[in-house]
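Sequence order for the protein chains is R and H.
According to this note's numbering, the first sequence holds residues 1 to 106 in order.
According to this note's numbering, the second sequence holds residues 1 to 226 in order.
Everything labelled a hint here was simulated from the structure, so no lab data went into it.
Since we're looking at a predicted model, the values are computed, not measured.
Incorrect hints may have been included.
Covered stretches of chain R (in silico footprint by chain H; criterion: 3 or more residues with CB under 8 angstroms from a CB of chain H, positions within the stretch not fixed) [as the list claims (entries may be wrong)]:
1) 25–39
2) 45–56
3) 85–91
We put the CB at the ideal spot given by N, CA and C, even for glycine.
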Amino acid sequence: MEATAEGQQHPISIYLKIWLLLFVLSTLSYLVDVMGFESYLRWGLILLFMFLKAGFIIAIFMHMAWERLALAYAILCPPLCLLVLIGLMAIEAEYTFLTRLLFFSQ
Amino acid sequence: MSDISTTGAVLAEGMPGIVDDWSADKEAFQVPWGKAMMWIFLLSDTFIFSCFLTSYMNVRMSTTVPWPNPSEVFALTIFGNHMPLILIAIMTFILISSSGTMAMAVNFGYRKDRVKTAVLMLATAAFGVSFVGMQAFEWTKLIEEGVRPWGNPMGAAQFGSCFFMITGFHGLHVSAGVIYLSIVAFKVYRGDYDKSNNYEAVEIAGLYWHFVDLVWVFIFAFFYLW
């Protein structure tokens, strides 16, 4: 069905499918902890399941997949600035960590 | 597959559509203003939560004391079984279920099914209340174990401040959402949106609720699983 100015009308089955899928993805991300995966395998799987869940919630539950690109880009692009913040804070944290190692070892 | 504007004109797709929507002397977003405003509010909220999570990353990376293992900190013993992170997993499933009932409520709203919409919204609010209840239980348990914003017996002192700040702010959003949903559900049941023949308010409330679930997805991944 089509999204119009009247509102978002979609078959109910699509919501039930996404609901089930989110349950499966949550179970999988919980299993990452139960199975005791470590290091890059753990972080990779956590991020994979996280982005899949976030994507399905935004695209289907929040109807972003059916909104016009002018709205989708206006909402989804600004958070990309956060990558700069995360990058800078990671560098800063690394510096603080090394400084602390030097200071505390004296 | 072309969209129709609020004035009834056929709108261009893809990149030409973006240029048209932004450059013409008219509204840029072809959605009701309430929906556009909610999206912009959620965008600003995204930045707030991101600041919390980024500062959490910063203190966790820079501490020389080992970080407490969340898998153990949030473990519970149920019927003699030691289960790691079980409460958080249950909270995750509850919040996803609430998102499911909310999506259904929006759908029934656009079908003008007054009673089903109100009932599903109240079910969503009930899931939200149980989520906050479990969070209160979790806070109580950790406070009894000696976790404080300035220190804790398990490891790095920053653990407590991150935990209380991030989950507290999220819990505040859930609580506000429960009140918001209850009000809209009441208005649905009273027939306000039948009179105006416009159930847009249900979808806007739904956007807020799905966002609360969305934030939890990131908190679950970065704070509890990492």
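8 angstroms C-beta test of the segment 25–39 of chain R against chain H, three or more residues: Result for this restraint: holds, n = 6.
Annotated coverage of the segment 85–91 of chain R by chain H, confirmed only when three residues or more have a Cβ within 8 angstroms: Check passed, 4 qualifying residues.
Assertion that chain H covers the segment 45–56 of chain R - criterion: three or more residues, beta-carbon distance below 8 angstroms: With 6 residues in contact (Cβ-Cβ under 8 angstroms with chain H), the coverage given for the segment 45–56 of chain R holds.
Of the numbered hints stated above, none is contradicted by the structure.
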